[in-house]
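> Chain residues, written in single-letter form:
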Amino acid sequence: MNTAEIVFASDLANLSAALDFVRAQCRFAGASDDETFACELATDEACTNIIEHAYQGRKDGEIRLTCLWADEVFIIRLHDRGQPFDPTAVAVPPRAARLEDVEIGGLGLHFMRSLMDEIRFEFDPAGGNTLTMVKRLSHGAAAPREPR
Amino acid sequence: MNTAEIVFASDLANLSAALDFVRAQCRFAGASDDETFACELATDEACTNIIEHAYQGRKDGEIRLTCLWADEVFIIRLHDRGQPFDPTAVAVPPRAARLEDVEIGGLGLHFMRSLMDEIRFEFDPAGGNTLTMVKRLSHGAAAPREPR
Amino acid sequence: MADLNMSVTELKRCVLVKLSGRIDSSKAGEVERVFQDLESQGRFRIVLDMSEVEYISSAFLRVLITHMKKAKRFNRGNIYLAAMPPRIRDVFELSGLLPVFKVYDTVVEAVGDW
Amino acid sequence: MADLNMSVTELKRCVLVKLSGRIDSSKAGEVERVFQDLESQGRFRIVLDMSEVEYISSAFLRVLITHMKKAKRFNRGNIYLAAMPPRIRDVFELSGLLPVFKVYDTVVEAVGDW
Ligand SMILES: Nc1ncnc2c1ncn2[C@@H]1O[C@H](COP(=O)(O)OP(=O)(O)O)[C@@H](O)[C@H]1O
Ligand SMILES: Nc1ncnc2c1ncn2[C@@H]1O[C@H](COP(=O)(O)OP(=O)(O)O)[C@@H](O)[C@H]1O
Numbered sequence: 001m002n003t004a005e006i007v008f009a010s011d012l013a014n015l016s017a018a019l020d021f022v023r024a025q026c027r028f029a030g031a032s033d034d035e036t037f038a039c040e041l042a043t044d045e046a047c048t049n050i051i052e053h054a055y056q057g058r059k060d061g062e063i064r065l066t067c068l069w070a071d072e073v074f075i076i077r078l079h080d081r082g083q084p085f086d087p088t089a090v091a092v093p094p095r096a097a098r099l100e101d102v103e104i105g106g107l108g109l110h111f112m113r114s115l116m117d118e119i120r121f122e123f124d125p126a127g128g129n130t131l132t133m134v135k136r137l138s139h140g141a142a143a144p145r146e147p148r
Numbered sequence: 001m002n003t004a005e006i007v008f009a010s011d012l013a014n015l016s017a018a019l020d021f022v023r024a025q026c027r028f029a030g031a032s033d034d035e036t037f038a039c040e041l042a043t044d045e046a047c048t049n050i051i052e053h054a055y056q057g058r059k060d061g062e063i064r065l066t067c068l069w070a071d072e073v074f075i076i077r078l079h080d081r082g083q084p085f086d087p088t089a090v091a092v093p094p095r096a097a098r099l100e101d102v103e104i105g106g107l108g109l110h111f112m113r114s115l116m117d118e119i120r121f122e123f124d125p126a127g128g129n130t131l132t133m134v135k136r137l138s139h140g141a142a143a144p145r146e147p148r
Numbered sequence: 001m002a003d004l005n006m007s008v009t010e011l012k013r014c015v016l017v018k019l020s021g022r023i024d025s026s027k028a029g030e031v032e033r034v035f036q037d038l039e040s041q042g043r044f045r046i047v048l049d050m051s052e053v054e055y056i057s058s059a060f061l062r063v064l065i066t067h068m069k070k071a072k073r074f075n076r077g078n079i080y081l082a083a084m085p086p087r088i089r090d091v092f093e094l095s096g097l098l099p100v101f102k103v104y105d106t107v108v109e110a111v112g113d114w
Numbered sequence: 001m002a003d004l005n006m007s008v009t010e011l012k013r014c015v016l017v018k019l020s021g022r023i024d025s026s027k028a029g030e031v032e033r034v035f036q037d038l039e040s041q042g043r044f045r046i047v048l049d050m051s052e053v054e055y056i057s058s059a060f061l062r063v064l065i066t067h068m069k070k071a072k073r074f075n076r077g078n079i080y081l082a083a084m085p086p087r088i089r090d091v092f093e094l095s096g097l098l099p100v101f102k103v104y105d106t107v108v109e110a111v112g113d114w
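Just so you know, the protein sequences line up as chains A, B, C and D, in that order.
According to our numbering, the first sequence is numbered sequentially starting from 1.
According to our numbering, the second sequence is numbered sequentially starting from 1.
According to our numbering, the third sequence is numbered sequentially starting from 1.
According to our numbering, the fourth sequence is numbered sequentially starting from 1.
Hints listed in this document are in silico derivations from the structure and should not be mistaken for laboratory results.
Careful, some of the hints might be misleading.
To list a few chain D residues with every Cβ distance to chain B over 10 Å, as calculated [claimed, not checked]: (1) Val8; (2) Leu11; (3) Lys12; (4) Glu39; (5) Glu52; (6) Val108; (7) Glu109; (8) Trp114.
Derived CB-CB ranges, DEER-like [said to hold, decoys possible]: (9) Gly105/A <-> Glu52/D: 44 to 54 Å; (10) Arg27/A <-> Glu39/D: 37 to 47 Å; (11) Ala91/B <-> Glu54/C: 45 to 55 Å; (12) Glu54/C <-> Gln83/A: 25 to 35 Å; (13) Pro84/A <-> Ser32/B: 38 to 48 Å; (14) Gly57/B <-> Lys72/D: 27 to 37 Å; (15) Val8/C <-> Gly105/A: 18 to 28 Å; (16) Ser40/D <-> Ser114/B: 28 to 38 Å; (17) Val92/A <-> Phe74/C: 41 to 51 Å; (18) Arg27/A <-> Ser51/D: 24 to 34 Å; (19) Ala91/B <-> Val8/D: 32 to 42 Å; (20) Ser40/D <-> Glu100/B: 45 to 55 Å; (21) Asn5/C <-> Asp86/B: 53 to 63 Å.
All of these numbers come straight from a predicted model, not from anything done at the bench.
Note that the Cβ used here is the ideal one computed from N, Cα and C, for glycine as well.
In isolation and in its complexed conformation, chain A is listed as follows (with noise of 0.2 Å):
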C-alpha cells in the first residue's frame, strides 16, 4: 500500500491545494480521469464540510488528509478534530421538479456517496474524526503507472 499525506488548516484558502494533491496520487495510482475525478470531488466536498460543520468556520483547525493505494483501490482518509455529527440522520436529499421547492445544501454527503465505493465515518472522542473513502479503480483507459 502507498501513501501520501499533507496536513493543513481548515482555511478553504488551502482547498485547491489539498486538491491538486489529491490529482497527483490519483494519477499517479493510475486512476482513470472520471475516477480521478470522483475522488477529487468527493475530497471537496468533505473537507469543506470539516470546515464549515466539523470546525464551524474556524481557520486554525487541523486537517490531516492522507491517499493510500494499491492496484486496484484507491483510499482517502481525513481526520480532523472538530465536531463529531451523526451521519445516518443526514437522508438524501429530496428531488424537486420546481425551482421553488429546492432546498439549499445538504448535496456533499449525498455526492461523497454516490462517488465513491465506500465511505466510512468514525468518531473517537479523544483522537478525533475520521473519514475513509474508497475507490475502486479500473484501470481501464490508461495503462496503471504504479511500480510494482
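Assemble the complex: chain A is given as a structure, and chains B, C and D with the ligands must be docked to it using the hints.
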C-alpha cells in the same frame, strides 16, 4: 511535515514511475524546476545504485521511497535491505582532459552529493540501509502550492 | 490546474457570463460575486457559458440555485446554462437538479432564447 | 513525462541521431542499442541532436563515453553533441566530462563539421 511513500521492487522497470512520483511531490511542494530536476536526478542515481550494488541486480528486493516536505525543505528517503557499503570510501571521480583517461562510472554518488544540500547514509544490520537526501527550497520563481 | 477565470459580456437582451477552469468549493464565492454585481445593476437575464468549466462542486450548485431564485423573482429573468461538458453535466445529474434548469447545447441557442 | 523517443537519419557524411524526452537510468540501455546497431553497420560518425532531451542521468553519460571510445578507435569517427538544452548541459558540466566532448550549439554546425 507532509509525506508521500511508495514501495516497489528493485527492478529498473520501476524506476521511471518512481521518478514520476518524486516529480509530482516536488511540484506539489512548490519546488522550482531546477530543484525538481535535482531531486529526480539524485533519486535516479540512488535507486540505480540500490538496484545494481545493494541488491546486486536481484529484482525482488524491496525499495521504500519516502518524500517528506515542509515550507522550505524537501527530503527524499530511500530504504533497502541489500548490501551495505562504505560511502566515505567513494571519492570524487578524477577530472580527465582526454577521453582515453575517463574512467567508466563513479558519477552517481558525486551527482547526489552535488545536487542535494545534505546526504546521509545509515546502515543498520537489523533494519536495513537508509539514505536521506535533503534539498532546501527557494520558492523563488513559482509561488509555493503548499497548503498552510 | 487551470484556475477559475470569468468574463462578462453585455449583449442586447441578456448578459453572457463565461466561466473557465476549476470552480472548487473555495472558488464558488468568486462566481457568487459576479451574480451579486449583476443583480445590483438590475441585470437578471443571464446566460452561463460553461464550455470551458473543468470542475464544479456542490458549492457552485448552491450559488447557482440561490441566484437563480433571485433572478426569477417577479418574472424578471433567469440563469440559462449553455454548453456543459459531459463531466460537468454528470454532476448536475447526480444532484438531481437538472429538471429545474434551462439547459442549452450551445451558447447561441441560449442567447437566442431571450 | 515525455517518454524517450529516438530517430536515426543517414546523412551523406554522418548519421544524425535525435533523442527526445527523458533518458533516465532505465532508458540508457535503449540509447545504447542504437549505438550498437550503428557500430554493427560500421557507422561511427555520429551527431547527437539533444535539443529535445529533457532529462539524463549518469547512466546515459556512461553509455556515451563507452561508445565514443569505440567510435574514435582507429580514427574512424566520433560522437558529436549538438543543441544541448541548458539543464542537460549542467549535468555534463557537473560530471566534469565536458572537455572530452565535441559540443556544438546547433545541429547544422555539428553536421557541417564532418
Ligand atoms: N464533517 C462534519 N462535521 C459535522 N457536521 C457535518 C459534517 N459533515 C456534514 N455535517 C452535517 O450534515 C449536514 C449535511 O451535509 P452535506 O450533505 O455536506 O450538506 P451541506 O454541507 O451543504 O449542508 C450538514 O448540514 C451538517 O449539519
Ligand atoms: N547503495 C549502494 N550499495 C552498495 N554499494 C554502493 C551503493 N551505492 C554505491 N555503491 C558503491 O559505490 C561505488 C560508486 O557508486 P557511484 O558513484 O554511484 O558510481 P557507479 O554506480 O557508477 O559505480 C559503486 O561502484 C559501488 O561499489
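> Of all the hints numbered above, which does this structure not satisfy? Sort the numbers upward.
Structure breaks hints 17, 20.
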